[in-house]
Structures are given as C-alpha cells and as structure tokens.
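Enquirer: As you go down the protein sequences, you meet chains A and B in turn.
Those letters in the first sequence? Residues 1 to 257, per the numbering used here, in order.
Those letters in the second sequence? Residues 1 to 333, per the numbering used here, in order.
Because the hints were derived from the structure by calculation, they are not lab data.
Hints are supplied without guarantee of correctness; some may be wrong.
Below, in silico cross-link-like pairs of lysine-lysine (DSS-like), each with a Cα-Cα straight-line distance of 25 angstroms or less [claimed, not checked]:
{"#": "1", "chain 1": "A", "residue 1": "13", "chain 2": "B", "residue 2": "118"}
{"#": "2", "chain 1": "B", "residue 1": "67", "chain 2": "B", "residue 2": "190"}
{"#": "3", "chain 1": "B", "residue 1": "244", "chain 2": "B", "residue 2": "265"}
{"#": "4", "chain 1": "B", "residue 1": "67", "chain 2": "A", "residue 2": "11"}
{"#": "5", "chain 1": "B", "residue 1": "294", "chain 2": "B", "residue 2": "261"}
{"#": "6", "chain 1": "A", "residue 1": "11", "chain 2": "B", "residue 2": "190"}
{"#": "7", "chain 1": "B", "residue 1": "118", "chain 2": "A", "residue 2": "11"}
{"#": "8", "chain 1": "B", "residue 1": "254", "chain 2": "B", "residue 2": "265"}
{"#": "9", "chain 1": "B", "residue 1": "244", "chain 2": "B", "residue 2": "254"}
{"#": "10", "chain 1": "B", "residue 1": "244", "chain 2": "B", "residue 2": "261"}
{"#": "11", "chain 1": "B", "residue 1": "118", "chain 2": "B", "residue 2": "190"}
{"#": "12", "chain 1": "B", "residue 1": "254", "chain 2": "B", "residue 2": "294"}
Over 10 angstroms on every C-beta distance to chain A, these chain B residues come out as not near it, computed from the model [said to hold, decoys possible]:
{"#": "13", "residue": "58"}
{"#": "14", "residue": "132"}
{"#": "15", "residue": "181"}
{"#": "16", "residue": "260"}
{"#": "17", "residue": "308"}
{"#": "18", "residue": "319"}
All values reported here derive from a predicted model rather than from experimental measurement.
Glycine residues also receive a C-beta, built at the ideal position from the N, C-alpha and C atoms.
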Amino acid sequence: MDAVTIPIRLKYKRWLPYLAVLQTDIRQTMRSWVYRLWLLAMFLLGFGYLLYRLGVHREAGVIQEANLVMSDLLRWVVLGSAAVIAAITVGSISSERGTLADSVLSRGISRYQYFLAKWHARVLTVVATFMILSGVMLVASHFLLHENLSLTGSLAALLLVSSLFFLVASAGVTLSALTNDSRVAMTLLWLALYGGGALLELLPSHHPTPDRILRHLPATLRGEFDPTLVTDVLGYSILASTLVAAIGLVGFSRRDV
Amino acid sequence: MARDATLVVETTRLTKIYQNRNIAINDVTLAIEPGHVLGLLGPNGAGKTTLLRLILGLHRPTAGQVKVFGRRMTPNAADLRRRIGYIPTNPQFPRGMTPIAYLDYMARLFGLPRDIRKPRLASLIRAVDLLNASGDPIERFSHGMTARLAVAASLINEPDLLIWDEPTHNLDIEARRSMLELIKTLAAEKTLILSSHNLNDVDEVCNHTAVLHHGQLIFHGSLSELKGRIRKNHYELDLEGDQKTITKAVQIIKTMNEFSKVQLKQRRLELLLAADASNCTALANVFVTLADNKVNLVSIRSVGQQTEQAYLDLVETEESRGFTRLYSANEAA
Chain A
1 MDAVTIPIRL KYKRWLPYLA VLQTDIRQTM RSWVYRLWLL AMFLLGFGYL LYRLGVHREA
61 GVIQEANLVM SDLLRWVVLG SAAVIAAITV GSISSERGTL ADSVLSRGIS RYQYFLAKWH
121 ARVLTVVATF MILSGVMLVA SHFLLHENLS LTGSLAALLL VSSLFFLVAS AGVTLSALTN
181 DSRVAMTLLW LALYGGGALL ELLPSHHPTP DRILRHLPAT LRGEFDPTLV TDVLGYSILA
241 STLVAAIGLV GFSRRDV
Chain B
1 MARDATLVVE TTRLTKIYQN RNIAINDVTL AIEPGHVLGL LGPNGAGKTT LLRLILGLHR
61 PTAGQVKVFG RRMTPNAADL RRRIGYIPTN PQFPRGMTPI AYLDYMARLF GLPRDIRKPR
121 LASLIRAVDL LNASGDPIER FSHGMTARLA VAASLINEPD LLIWDEPTHN LDIEARRSML
181 ELIKTLAAEK TLILSSHNLN DVDEVCNHTA VLHHGQLIFH GSLSELKGRI RKNHYELDLE
241 GDQKTITKAV QIIKTMNEFS KVQLKQRRLE LLLAADASNC TALANVFVTL ADNKVNLVSI
301 RSVGQQTEQA YLDLVETEES RGFTRLYSAN EAA
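The whole structure should be built from the sequences, with the hints applied where relevant.
Expert: Below you can see the structure in the form of structure tokens.
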C-alpha cells in the first residue's frame, strides 16, 4: 500500500527575523573599529582621570570630591561620545545599502522588523556600554575618592545622561534609514545635535536642557535632585526618540534599498 | 481571477523611474507561470536587476504593480518573500561569519525554528560541498565558494520561486557547469527567474525568455518562440566528390541571385542568403546544382547560435523602430 504523505505546515517564528538582525547587529557593532575606539577612549579617559585625582589626593593631600570628579568625567564623556555615537549609528542602515542589505531584506523580514532591530541594537549597544563603563567608574570613584556619592543620585545621573544618548542614537538610526550616504547622515546629525543643543538653551531656565542637566550633575550625584525632573527628562527623551524612530520607520518602509 | 491564482509572478504596467531622472523599467507587463524557467535577457542597464528587485519588494514601483503568488508584493510582504530564494549578482556577506553562522542567520531571517533550520543548513552545506570549509571565515572564500554558499542561502527556506541574478557570473568552467546542472535539477520542481548575460546558459536551462531593452520588455515567450523569430540565412555545407566538379558546381551557385555570399574553403561551402531570398527555394536550387554535377552532400547546418542570433535580431529591430515603438509597444511585447 502506498504511504500517504501529509504535507506538514511549517510554523514560522514571527519575531525570529527581528531577533536575528538584532543579535547580528549588536555583534557587528561591537566588532567595528569606531565602537572599539570609543570604548578604549572612554576607558582611558575615565580611569586615567580617576587615577590622576587619586594621585593628587594621595600626594598633595587635597580632598577630591567624588561627585565633582564624576560630573567632570560624565560631561567630557557626553561631549566626546556624542560625535562617536553619531558615527556608530548613522552607518547602521545606510552603509549596508546595496547587496548586503539585499541579502537580508530579500528574506522573510519586513522593513518594520529590520528597522526596529537596527534601532534597538544600536541604542542597546550605546546605552548599555555607557551604563556599564560609567557604573564601573562610579563604583571606583566611590572607593578611591572622598566618598560623597549617593546611590540614587548616581543612578539618576546615569539615567539622565543615558536618555540623551538614547535620543542621539535614535536620531542617528533614523537619519541612516532616510539617507543613502552615511556622510550626509552624519553631517545632518551633528548639525541637529549641536544646533539643537544651542537652540534649547534659549528656552526659559526651568526647562531641563542637556547643558543644564550636565551643569547640575554634581548636585544630582550627591542625591540632590528633583525626582519629577528626572522622570520628565526620561519621558521626554523616550517620547522624542519614539517619534524620531517612527519617522524613520515609516520613511524606511517606503524607500528603495 | 482563477488565472491570477496560478501565476507565480505577474507584473502589470510596471514602471520604475529613479528620482525623475532615470527610467529603469518602462510599462512592463509580464506573467510567469509555475514551472517556468525564465531567462531574463538584456544588455547592461536594460533594467534586469531593477525588475528583479521590484519583484522582491526591495524597490517600490513608480507605477503599476507586482503580484507574487497572487498577492501584491510590498517592502513589508515578508510572508511572500518566505517563498522566494534570491541570489544577487555579487553576493556580499557580513564580515567575520562562517558558512554555518551565515546560513543559520539566513534561516532565522525566514523565521525557521531551530529544529528545522539546523538539519537543513547541515544538509545544504554538504550538498554545496562546503563541508571542509564550514568553519572558515567567508571573506577568505573564492568566487566559486561564495557562489555555492549563496546557492545554499537561497535554498534554505525551500522556496517555490528562485530568483537568481547572474548565477554563473565570475565562475570558472567547472563551477559554471555544476551551477547549470543544479538549475536543471531545481527546474523540475520550482519556478526560476534567471538573469544572465550568457545566452548559452539561457539556451541550455531556460524554457522561457523575457528580453528587456532600455527598460522595456521587447519579447516575452517560450525559448522556441524566440528562436522561431530568427531568419535562418547562413548555412554551411560539407561536400564530397572530385574537387574540380565541386569547384564547377560552386561557380554555378555563385551566379544565383539568392545568395549574397558564396565561399568555398576546401570542401566546405558557406552560403549567405540575400535579404529577400527564400531559403527553401535557394537551397533547393543548390541541391539540384550539386546533384547535376555529381557532388555528394555530407552535411548541412545553420550557422550561428540560434538564441544569440534571435536576441541580437530583437534588439536590432527594436532600435531601428524609432518613434514607431510608441504606437506598437504591445505588439512588440
């Protein structure tokens, strides 16, 4: 008797393509020279500065307030990292245009999933890297320098700076999805970053602009901060990042690759 | 409606204009049925790759539409692309990946669960003969090896439709032969669209052709239809007999008006028909002359690669039509 073959209906995992791109992109980003350079610069800057302050404290006997050292450090990290984060994020999609993107987008993945995976991967890499390195620096400064850091204040400071990076990374990925050339995307992002930062300073003094957040960091690190302000900044950042990403998502799903 | 459901690919008045500067595809209406092995022909810049990208949803049409498996293809139609296997002209691979990692990545992009994708990628690596290189980084691979890997990637989802953009490009003779044999095997159960510059390849493996010229579809039909379009006007005859009698017979043939060229090289006679001559009448006269002179005919053959000749004739005709193509575009297609 002939065996009857019943075709098996294959069950596809709907979010597996998203996870595949997310995982691969995180790995590829961490292998890129820009990311490694950023990591190295942050590490050398952070621990070099901490050791220098420790030396001043030990040799000259000058008390080094951990909150002041860390706020200096975070301010430099933010100013220096903004440009590097721009470079890391603007190449996420535009640099893959052509046959490399073909080999991914011609498979069973929608543009929405691809964009979301790229966005989440870059944001996650940038924010997680910053949080981990800064967290280690905070712990180190807590033990090495004159201890006046508060746990909640440190957490609030890290969240505030991370929210800025979140927005920068989201804008970078969006520009990458909407432009064909990484250089154009990078120029636009830098213009938006520094131009936007300058424009925000024109707002009334009670509005939390990036510069005001950074200037207020010493007090935040000591635990002297308004929790409502922190949640407001986080809320604005998430809202703005989501809006920016939504523009990228819609734009990318209507573009040729 | 019922007819639509049977079509694998259907394009309707498909047009693609890039940034209002470049017309890449112009009003292409094309239907591909299951089991077709379609050779997409055309010179560089004819729009072949653009057409394939439109079919895959990588590009959005400026006008018209593409339907794949009866449904409209869009950039977000992931479920349709799950049934397609694609190889771009020069496949690029993410850096630092091994064939196993790459095929696993491709399989995950199709949403294939682990218990399906792992055995399948192992079988494919074995099938494309990359078992010994399965742990090596892809960037060290030769053209042939990357081509085989691209083939494996295009088959990982067991697609119903294969779209291969110049699959024999950059391959050596042995790899090209293997690729053509693979295409013949796959053609038994899948629908294929092959873009190629190599007319010999198309002639060998395809049963249908579509010819694009400056973005316009100038021919779409079976390969035999394409070959049937050529005017057979160039023949070679191998003769047997005394050299003097052969020469005498050829002198008589040279006086015939039906031929624009009659040339004898030892015992091989080359005949080129005049533009308005009927090949049957002309050849009948030649045979009579040869018979009268007691010259034996060993063989006769039509010279030139038929598909190539047909293709060149099509392109030449299209170029000579000038403005008239505006009023007879449908007829040409």
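Enquirer: Against each hint, give a clear statement of whether it holds in the structure.
Expert: Verification of the hints:
For the hint linking residue 13/A to residue 118/B, the alpha-carbon distance of about 15 angstroms falls within 25 angstroms, and the restraint holds. Between residue 67/B and residue 190/B the CA atoms are separated by roughly 18 angstroms; this keeps the pair inside 25 angstroms, and the hint holds. Of the supplied pair hints, the one linking residue 244/B and residue 265/B holds, its CA atoms being roughly 13 angstroms apart against a limit of 25 angstroms. For a cut-off of 25 angstroms, the pair hint linking residue 67/B to residue 11/A stands: about 24 angstroms separates their Cα positions.
As the CA atoms of residue 294/B and residue 261/B are separated by approximately 23 angstroms, the hinted pair is consistent with the 25 angstroms bound. Our distance criterion of 25 angstroms between C-alpha atoms is met by residue 11/A and residue 190/B, whose separation comes to about 21 angstroms. Distance hint between residue 118/B and residue 11/A is fulfilled; the C-alpha atoms sit about 15 angstroms from each other, no more than 25 angstroms. Between residue 254/B and residue 265/B the alpha-carbon distance is near 14 angstroms, which keeps this suggested pair within the 25 angstroms criterion.
Distance hint between residue 244/B and residue 254/B is fulfilled; the C-alpha atoms sit about 15 angstroms from each other, no more than 25 angstroms. For the proposed pair residue 244/B and residue 261/B, the alpha carbon gap of about 20 angstroms is at most 25 angstroms, so the pair holds. Of the supplied pair hints, the one linking residue 118/B and residue 190/B holds, its CA atoms being roughly 23 angstroms apart against a limit of 25 angstroms. For the suggested pair residue 254/B and residue 294/B, the alpha carbons sit about 17 angstroms apart, so the restraint of at most 25 angstroms is met.
Residue-level check failed: residue 58/B sits 5 angstroms from the nearest beta carbon of chain A, not beyond 10 angstroms. Distance check on residue 132/B: its Cβ is at least 23 angstroms (rounded) from any Cβ of chain A, clearing the 10 angstroms threshold; non-interface status holds. The beta carbon of residue 181/B is kept farther than 10 angstroms from every beta carbon of chain A, the shortest such distance being approximately 24 angstroms. No beta-carbon of chain A is positioned within 10 angstroms of the beta-carbon of residue 260/B; the least distance is around 47 angstroms.
At the 10 angstroms boundary, the C-beta of residue 308/B stays outside the reach of chain A, the nearest C-beta of that chain being 28 angstroms off. The non-interface label for residue 319/B is consistent with chain A: the shortest C-beta to C-beta separation is roughly 29 angstroms, beyond 10 angstroms.
Checked against the numbered hints above, the structure breaks only hint 13 and satisfies the rest.
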